[in-house]
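Colleague: Work out the full structure: start from the sequences and follow the hints.
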Amino acid sequence: MRPFTYTGAKNTEEALQAASSNANAHYLGGGTNLIDLMKEDVERPDELINVASLGYKKVSSNEKGGLTLGGMLSNSETANHREVRTHFPLLSMAMLSAATGQLRNMATNGGNLLQRTRCPYFYETSMPCNKRAPGTGCGAKNGMNALHAIFGWSEACVAVHPSDMCVALAAIGATVEVRQSDGSPRMIEFIDFHRLPGDRPEKDTNLMPGELITAIHLPQPIFSKHYYYLKVRERSSYAFALVSVAAGLEIQGGRITKAGLAMGGVSHKPWKLIQVENYLSGKTPDQANFEAAAELAMKEARPLEGNKYKVEMGKKSIISALTQAYERKA
Amino acid sequence: MMNTLKASGVGASINRVEGRLKVRGMAKYATEFPVENKAFAQGINSTIAKGEIIAIDSSEAEGLDGVLAVITYKNAEKLNHLEEEMPLLATTTIAPVLQSAKVNYYGEYVGVVVAETFEQAQYAARLVKFEYKEDPDPTIRFDESKSKAYKPKGNSDYLRGDMEAGLAEADETLDATYITPIEHHHPMELHAIIASWENGKVTAYSSQQMVNESTIAIADTFQIPKKDVRVITPFVGGGFGSKLNTERHVILAIMASKLLGRPVQMTVTRQQMFTNTGMRQQNEQRMQLGAKMDGSLTALSHDTLSHTSTYQEYQEPCGMISKMLYQVPNNQITYRLIPMNFQTPFAMRAPGEATGSFALESAMDEMAWKLKMDPVDFRIKNDTQIDLGADKPFSSRLLIECLRIGADKFGWENRSMQPRSKQEGNWLIGYGVSAASRNSPYQESSSKVILELENEKVYATVQMDATDIGTGSYTIIAQTASEYLGVPVAQVTVELGDSRFPITPGSGGSWGAASYCNGARAACQNAIDTLKQNKNIGKDQDIPVAELLKQNKLKKYEAEGSAAPSEAFKKHSVFSFGANFSEVWVDKHTGMYRIKRMVNVASAGNILNPKTAYGQIIGGLTMGVGMVLSEQTRVEPNFGNFITRSLADYHVPVNLDMANIEVIFLPEEDKIANEMGVKGIGELGITSVAASVANAIFNATGKRMRHLPITPEKLIEAQVEPGVVA
Ligand SMILES: Cc1cc2nc3c(=O)[nH]c(=O)nc-3n(C[C@H](O)[C@H](O)[C@H](O)COP(=O)(O)OP(=O)(O)OC[C@H]3O[C@@H](n4cnc5c(N)ncnc54)[C@H](O)[C@@H]3O)c2cc1C
Ligand code: SF4
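Those sequence lines, one after another, are chains A and B. The opening position of the first sequence corresponds to residue 1 in full-length UniProt numbering, with each subsequent residue numbered one higher. The opening position of the second sequence corresponds to residue 1 in full-length UniProt numbering, with each subsequent residue numbered one higher.
Some hints could be false.
[Unchecked claim] In the DSSO-like style, the derived pairs of lysine-lysine whose C-alpha atoms are separated by at most 30 Å in a straight line are:
#, chain 1, residue 1, chain 2, residue 2
1, B, Lys571, B, Lys550
2, B, Lys148, A, Lys39
3, B, Lys588, A, Lys308
4, A, Lys141, B, Lys714
Note that these hints are calculated values from the structure, not bench results. Model, not experiment: these values are computed from the prediction.
Modeller: Structure below.
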């Protein structure tokens with residue numbers, strides 16, 4: 001590991017101040033991603049500003065009638081919180097499918113949003129990778145890309161965002177609250193938080209330098225009866241998704257009044273299927289409509305050489321997730 | 001008296017004698033020895049697959065605080081070198097390193113940094129800059145390099161009868177190819193060493209499976225007398241074959257210690273465990289089978305195409321199992337190897353059988369389906385009590401019993417031959433079976449026993465250079481001494497893993513338990529016999545050992561002993577056998593599957609301790625599940641490095657992946673195997689699990705999965721076999 005200094009900020013102002021005075025500083029949440037990447041020599045901050053002890057560790061009600069999740073609350077405490085389980089079980093289910101108990105205990109909500117891709121080229125400093133070292137080329141595009149994107153990729157980068165939590169947040173719809181360098185808050189709609197790679201794959205999100213994530217606001221309780229998070233992977237835990245689907249349905253009088261649908265493991269950002277959500281709205285929750293939804297979802301898929309399987313897997317996973325969400329006994 | 005004996009002698013289900021040390025963190029592994037004044041070494045890896053180093057700039061690293069030395073081929077001491085072209089890699093093979101500018105594969109050691117602290121060494125290692133002249137055409141793609149395959153010298157081709165005639169006379173034939181990927185051993189404990197070179201003598205606290213072999217390899221590499229090398233490895237956190245030989249970090253650490261005149265610790269990182277220890281290579285196994293409608297096999301061939309490095313040969317004996325398992329008159333085994341720009345592969349987790357049985361036992365299932373015959377009956381039909389490949393009778397073979405008893409316990413009669421006939425919601429449910437066998441290569445082994453009389457009690461210390469790689473060696477050796485000395489286990493101390501102790505064959509190939517315990521038995525028996533002889537007491541007279549010492553007027557007595565394979569052993573084929581039954585549920589949408597339960601029956605001779613034996617089998621089954629479910633190392637197709645580079649990408653099974661497992665040991669007395677009737681268990685559990693699960697997946701889905709691991713994406717892409725009602 002490269003030498004670095006550690007700043008134990010006492011309050012938010014100190015943290016923001018430290019970050020704005022050093023462009024090479026990184027905030028430290030649970031460290032489960034950042035420290036790994038530092039050991040691999042991928043991230044090379046010369047200063048870590050600990051933000052995990054600044055507070056922001058509560059789940060509270062917000063004025064929209066929803067819940068606000070503290071940015072520094074651990075993934076475990078969030079997923080197992082009674083209010084979250086009751087009102088946003090889809091989020092809870094997705095979060096509990098991630099990583100392992102130990103990692104979830106350490107990982108913070110803010111850190112989860114900012115975890116970086118697991119593209120193996122990104123991790124190996126001897127390989128070309130535009131995300132890690134802009135201008136060196138994308139090793140995956142013409143190399144091993146079985147685990148990569150089928151939506152929204154660019155010639156510069158075909159990586160996927162690895163988070164499970166974020167897929168559920170995309171399906172539910174959320175707002176991220178950040179503090180800007182001057183201490184003032186800024187709200188970012190969740191679908192605008194992460195970005196597609198374009199020709200700037202080194203930028204994962206639309207966060208400005210030095211901005212600190214303090215909260216995630218959830219809307220009024222939704223999909224608390226009909227929900228499912230389907231994560232396809234080769235072993236039953238401690239593995240990232242090949243493909244995942246967060247599905248939520250509101251059903252009234254035998255019809256879908258609102259659908260929430262997003263996919264993981266398919267794009268540079270959590271892939272919210274807005275068109276499909278709209279398509280399902282007003283339809284009856286049956287196999288034919290679920291199949292049509294899956295077809296629609298995959299219409300624009302552009303698989304790479306090594307990940308054609310994701311199209312079929314994606315379709316079937318959508319059908320399966322919607323079916324299991326619908327059939328779930330409350 | 002009788003009771004204490006039964007509670008601790010051979011066959012008793014006692015807890016690990018070293019268990020308390022381990023759970024309290026007091027069992028010392030290689031780098032936990034309190035060696036004073038040690039420095040830390042960190043290896044540097046090449047970043048090209050083939051070529052030459054043309055420039056090295058170590059100035060930045062050398063300028064860092066704490067850095068003591070940067071060693072590359074330019075300043076490394078000259079070591080013994082591999083003599084011939086493509087020599088065989090064996091357990092005593094020398095491990096020369098940093099001897100030239102040549103790069104043979106991506107990740108090969110090109111240098112080592114030594115510093116005052118581990119962190120300094122790691123940081124500095126990243127700052128050494130290498131410039132390469134790359135060879136534009138490294139051999140890194142298996143599929144495109146088949147024309148480079150040669151006939152290895154390590155394993156010869158074999159033919160019995162006439163394959164063509166055998167196939168011609170068959171009613172049904174099968175020609176199928178099975179692929180297993182590159183896999184890595186990944187024991188929990190990383191390869192590690194603390195090395196000291198002092199006055200021309202080497203002391204190595206090094207995590208090794210074979211102590212004596214390691215002293216030979218070190219001595220030969222540095223061209224010093226073997227007696228000047230001491231290897232100490234009392235606890236090993238797993239090896240799975242990767243610690244059988246002496247790897248290059250051992251040599252690097254010793255070299256650095258010699259250069260600096262102080263002890264040097266070196267740990268191979270988890271990432272380096274992919275490139276700087278052995279691995280299992282990719283295998284492509286083509287199976288041809290012919291059978292009559294009555295189920296009798298007429299022909300069986302097993303052709304294996306694998307790869308080795310460009311500088312050494314290792315050939316996994318995949319075809320071995322097809323030579324001996326069934327009654328088949330016409331039999332052909334071949335091997336071909338492609339020299340590729342990767343490190344030399346080496347024995348991994350039941351080498352030969354684990355991969356060979358996947359091919360053979362899948363092919364047997366395919367043939368049973370063609371014949372519309374029950375796969376258990378098909379195997380029983382082709383049983384043989386003679387090892388046709390070796391032309392020797394088996395010392396004992398209870399394969400039929402394993403299959404029958406397993407089928408009964410499992411509820412095999414509820415299986416429908418037609419795939420896809422059992423469904424529950426999303427799930428397609430299937431049953432699978434496979435037969436297993438594993439050679440029991442018992443070997444000569446020695447030990448020393450020290451008896452001490454204290455307050456009417458005899459305390460025994462047994463010493464040998466054996467290793468306990470997590471398997472339970474300490475426990476079963478203590479039980480053996482307890483049995484043959486007639487003292488409780490609590491009065492026995494076992495000391496292992498030091499080259500100063502009597503020589504054993506070490507842990508590997510499932511020979512440890514039989515060899516160690518018979519060695520210990522011999523020493524104990526020698527002690528008792530001599531003590532009796534001295535006093536003219538008849539051999540058969542039953543006198544407690546404490547009484548014997550008293551009569552001899554001795555407070556302390558030492559004896560050595562060794563045991564070796566008998567003439568009868570050499571005239572027989574000695575194997576353990578088993579059968580694995582599994583129930584697998586496949587999600588028809590996503591291709592994810594769950595192994596719901598397994599019944600594993602083993603006939604493995606005398607079970608020394610049911611608890612440790614059970615641990616061995618479930619450990620083996622877990623490795624088998626890893627093979628079928630998820631384990632694979634992927635090669636970057638353009639650069640030739642392994643892009644599977646940590647345990648986050650190299651997926652071993654988690655608890656949730658493991659089934660409900662029932663393990664049954666059949667009572668088996670095999671005195672030809674050795675005097676104690678002990679056979680190998682370690683690798684028996686691994687063998688055939690992959691086939692059992694793959695066969696269950698066929699029964700569930702009608703899809704024939706011939707390429708490991710069987711992942712969701714492969715299952716989604718696979719087609720239902722012709723003839724299966726979808
Ligand atoms: C082996 C392994 C398996 C895993 N499996 C999964 C999985 O299956 N699914 C899944 O979703 N995740 C998985 N994870 C990832 C895990 O969820 C993330 O590592 C974790 O959520 C990151 O949170 P953290 O608090 O530890 O972040 P850190 O590592 O502390 O930080 C990550 C990044 O976020 C920044 N940061 C942290 N907090 C803030 C803040 N408040 N404001 C602004 N910036 C901030 C840091 O500067 C850093 O750049 C896995 C991780 C590992 C190591
Ligand atoms: S996909 Fe993105 S992260 Fe992966 S190598 Fe290409 S640029 Fe790097």
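Colleague: Does each hint fit the structure? Answer for all of them.
Modeller: Here is what the structure says about each hint:
Of the supplied pair hints, the one linking B/Lys571 and B/Lys550 is violated, its CA atoms being roughly 43 Å apart against a limit of 30 Å. Pair hint B/Lys148 plus A/Lys39 does not hold up; C-alpha atoms about 39 Å apart against a cutoff of 30 Å. With a C-alpha separation of about 18 Å, the suggested pairing of B/Lys588 with A/Lys308 holds against the 30 Å cut-off. Proposed proximity of A/Lys141 and B/Lys714 is supported: the alpha carbons are some 21 Å apart, at most 30 Å.
Consistency with the previously given hints fails for numbers 1, 2, ordered from lowest to highest.
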